[in-house]
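Undergrad: Chain by chain, the residues:
2 protein chains.
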Amino acid sequence: MGRWEPGARERLVMAAVDLFTEQGYDATTVAQIAERAGVTKSTFFRYFPDKRELLVAGQETLSRLLTEGIAEAPAGVGPLGAVAAGLERASSAMGPMNREIAPRLKAAVAASTELQERDALKSVSLAAAMTSALVARGVPDPIAALAGELGVLAFKRGYVEWSDADRGAQDELAGYVLSALDELRTATASLG
Amino acid sequence: MGRWEPGARERLVMAAVDLFTEQGYDATTVAQIAERAGVTKSTFFRYFPDKRELLVAGQETLSRLLTEGIAEAPAGVGPLGAVAAGLERASSAMGPMNREIAPRLKAAVAASTELQERDALKSVSLAAAMTSALVARGVPDPIAALAGELGVLAFKRGYVEWSDADRGAQDELAGYVLSALDELRTATASLG
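If you read the protein sequences in the order shown, they are chains A and B. According to the numbering used here, the first sequence is numbered sequentially starting from 14. According to the numbering used here, the second sequence is numbered sequentially starting from 14.
Same shape as in the complex, but just chain A (with noise of 0.2 Å):
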């Protein structure tokens, strides 16, 4: 039962997420991050540009996965299949860090106007990066952005329930994500 062991990008992660819980986003600066992650503040610059890259540098790589999942789904599938060939590709990035830290994370947010303002944007920017791999496929607009709304809905939803579960386990983040994405889906027909 080995415990997992952060090298120096995640302990900075883990690091400026307990700082910005204490003390705030605002009054947090990098050489604290630094200091309590135990590495200097060129170390922290090997690996960001400022503290605010330090929460959008996951953003990117999602977006990025969740575009190349749709765009390489097969041709035959609906807009939901794409949307879940995205999903779990993006799941696939998020390890036992990322479950690790998600309270600690989820405090920080709550805690700070500023967190939820960037964390908005950032569900937001999904959404937007579904909708447009999904009209680049030739899903037509009306339903490639209901398409993208539901994914991240269920990618939301999913790492809540993924990362609220018995962290021991050994399960993916995937398997959350698709069956809440298959909730959304069986839900849509009771819209009324």
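No lab work stands behind these hints, which were simulated from the structure alone. Keep in mind that a hint or two might mislead.
Stated by the list, open to error - Straight line, CA to CA, 30 Å or less: simulated DSSO-like cross-link-like pairs of lysine-lysine:
1. K169(B) with K119(B)
2. K64(B) with K64(A)
3. K64(A) with K54(B)
4. K169(A) with K119(B)
5. K54(A) with K64(A)
6. K64(A) with K169(A)
7. K54(B) with K169(A)
8. K119(A) with K64(A)
9. K54(B) with K64(B)
10. K119(B) with K54(B)
11. K64(B) with K169(B)
12. K169(A) with K119(A)
13. K119(A) with K54(A)
14. K119(B) with K64(B)
15. K54(B) with K119(A)
16. K64(A) with K119(B)
Knowing the structure of chain A, use the given hints to seat chain B on it.
TA: Frame of chain A, contents of chain B only:
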């Protein structure tokens, strides 16, 4: 064809939006907004506690109207019927001033990451408000979350079409928003 004449509150909002577009949100001061609007700083503070609230004020009204409309929808209507009632009530709060500043607001948001984040949090908050109001009506969780997202999407799409349409027309936002909601309801059948 009398042109709508803005009062001090409306002039302050329009001045702020213009200044945010020209020089950015951060660089704009309350003194500059008041000067551009032709009022004193004390007049500004009679309407808004700070420049941030100037943007957020409208969100709280929208959220309240959406929630009330959903809560007071007839017992027999389904989730999307209740969302339609909320959207109709919230749309009534958006008048000629909102339509007039829409293009400048869009430009200001496009130019500022901070305003994009604020705008994104507004979307996420409105979806959460609608979801809670639906849950309070007894709509089960995944359906309520889905209907809340559809409501926000309809509101945003209707708002864009309304503000892009010929602004001489007397037509109201509600019609655009409700037809966007209908389009989205139809689109759910094509998700695959």
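Undergrad: Measure nothing beyond the straight line between the CA atoms of K54(B) and K169(A); if it is 30 Å or shorter, mark the hint as holding.
TA: Not satisfied, since the Cα-Cα distance of roughly 43 Å exceeds 30 Å.
Undergrad: K64(A) and K169(A): Cα distance at most 30 Å?
TA: 23 Å, holds
Undergrad: Are K119(A) and K54(A) close enough, with their CA atoms no more than 30 Å apart?
TA: 26 Å, holds
Undergrad: Check whether the Cα positions of K64(A) and K119(B) lie no farther apart than 30 Å.
TA: 28 Å, holds
Undergrad: Decide if the proposed pair is consistent with the structure: K169(B) and K119(B), CA atoms, cutoff 30 Å inclusive.
TA: 12 Å, holds
Undergrad: When you check the alpha-carbon spacing of K119(B) and K64(B), does it fall within 30 Å?
TA: 17 Å, holds
Undergrad: Does K54(B) lie within 30 Å of K119(B) when you go C-alpha to C-alpha?
TA: Answer holds: K119(B) to K54(B) is near 26 Å, not above 30 Å.
Undergrad: Just to be careful, I want the Cα atoms of K64(B) and K169(B) compared with a cutoff of 30 Å; is the pair within it?
TA: 23 Å, holds
Undergrad: Is K119(A) close enough to K64(A), meaning Cα to Cα at most 30 Å?
TA: 17 Å, holds
Undergrad: Please verify whether K169(A) and K119(A) have alpha carbons no more than 30 Å apart.
TA: Holds, at about 12 Å.
Undergrad: CA of K54(A) to CA of K64(A), is that 30 Å or under?
TA: 12 Å, holds
Undergrad: Check the hint pairing K169(A) with K119(B) against an upper bound of 30 Å on the C-alpha distance.
TA: 27 Å, holds
Violation of the numbered hints given earlier is confined to hints 3, 7, 15; the remaining hints are satisfied by the structure.
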